[in-house]
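S.K.: Generate the whole structure from the sequences, applying the supplied hints.
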Amino acid sequence: MTNHPSLANLKNKTVLVLGFAKSGKAAAHLLVKHGARVIVNDAKPFGELTETEELEAAGVEFVTGGHPLRMFGESIHLIVKNPGIRYDNPVVKEGLHRDIPIVTELELAYWLVQGSLVAITGSNGKTTTTTVVHEMLLADQKEAKIAGNIGLPACEVAESVGENEYMVTEVSSFQLKGTIDFRPHIAVLLNIFDAHLDYHGTRADYIQSKANIAANLSADDYFVYNADDQVAKEVAVRHKGTNVPFSVTNRLAEGASHEEGTVYWQNEPLLQTDDIALPGIHNLENVLAAVVIAKLLDVSDDTVKSVLAAFTGVEHRLQFVKEMSGRKVYNDSKATNILATSRALSAFGQPIVLIAGGLDRGNDFSALAESLSNVKAMAVYGETGKKLKDAGALADVPVIKQTVRLQEAVKEAYAASEEGDILLLSPACASWDQFRTFEERGDCFVSAIEEL
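Per full-length UniProt numbering, the sequence shown runs over residues 1 to 452.
Incorrect hints may appear among the rest.
Said to hold, decoys possible - As a list, the in silico SDA-like pairs of lysine to any residue whose alpha-carbon atoms are at most 20 Å apart:
#, residue 1, residue 2
1, Lys295, Arg251
2, Lys233, Arg251
3, Lys44, Val92
4, Lys22, Gly151
5, Lys295, Ala139
6, Lys328, Ser346
7, Lys11, Val60
8, Lys328, Cys444
9, Lys295, Asn267
10, Lys142, Leu297
11, Lys93, His67
12, Lys411, Cys444
13, Lys44, Thr437
14, Lys389, Pro351
Stated by the list, open to error - Ranges of calculated distance between the beta carbons of each label pair, as one might list FRET restraints:
#, residue 1, residue 2, range
15, Phe72, Glu234, 36 to 46 Å
16, Lys411, Phe72, 51 to 61 Å
17, Glu408, Glu234, 37 to 47 Å
18, Lys44, Glu440, 14 to 24 Å
19, Glu159, Thr202, 27 to 37 Å
20, Gln272, His97, 52 to 62 Å
21, Glu259, Lys11, 54 to 64 Å
22, Lys386, Ser447, 21 to 31 Å
23, Glu234, Glu440, 30 to 40 Å
24, Gly261, His97, 48 to 58 Å
Keep in mind that the hints were calculated from the coordinates and are not lab data. Because the structure is a prediction, the values reported are computed rather than measured. Using N, Cα and C, we set each Cβ at its ideal position, and we do this for glycine too.
M.R.: Have a look at this one:
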């Protein structure tokens, strides 16, 4: 990649890092290393922050316990915002009013990376696809690093990626909304579903944020997109990159596609779906995207096939937990929206006992009712318990139990299950009513299963 903006331009300039979570810490260290004057602002009291000593010693100023606008007495050149901080935050609003560029650490990562950057976004499937691609590159003896939501912040990894190496990064709409010049070599849009409307406000803003992944592509870059997704197809005509589609439902003359149990690359048979370890039609979507990326990066057919035969999934994403008393237990805590849960339900032919619930973002769960035909019982919990109970009633689910907490829902679900059933946590909601992360929720579920 060429013509990157440079962190050298920030030397001796004041940069405000808004939010001192994982990405904020990485950004602050990076900016200090490149000679910027850094102010860190976090709503938490200073005593609750961790890993501040080295930055304090380097002269970083910490403004904590709120978001005082007096910080703008400085001549701030750039704001690097934690992706999760909304645009109605007073500091963000003041920065916009003053025409100060506001970015996320993903933009800084782009400024640094010298190798080929692969960026993967979508409402669902990002982590699985990112992980599969990374494993394919490594298995093919290529130098590759993984970054983004899946692990280390992108800006922490980017500087170590050499010219002939690869960085595969999972990127969210929150991160992409805060980009200006960001330009991956391969931009991937898996799907678009209404999500994070509490953050974006409108569907249009959410879609535009996702579309930012392709906004700066050149003819030498690739846009890998889901040809079965109408919004992804619309994004495909809005940039200057080279389009490469994938489709689960239609045989394509180019790209990756599927027909009658065979996966095709450039309309030639590549492998059989029976040889793919990941379950579910939604994972086939992820597999096809990974095939496109791998083939664009010259990964061999044998490597693609061997990785797909061995890769059984990512923790908390339709993860097989155990078989107990004839019941198979799956942890799909990462299913934070209706589409993800619908896809998880479609992965099984056996009767399902579904555990769902979580943060109420104002969603209408009636759309979930269409996917509940194979659900024999539901245990719903949390803020959305009543809405999910109503969705189950709409679908005539025979048994529906509502509880307050996840642990109670697990007990009710097990009581409603029998030998041969699938016991599935697929919440269809964010975790933040009871848990800090979906990982914490999934761990709680597994612990509750072990305690039965």
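S.K.: Please name the hints from earlier in the document that this structure breaks, with their numbers sorted from lowest to highest.
M.R.: The structure breaks none of the hints.
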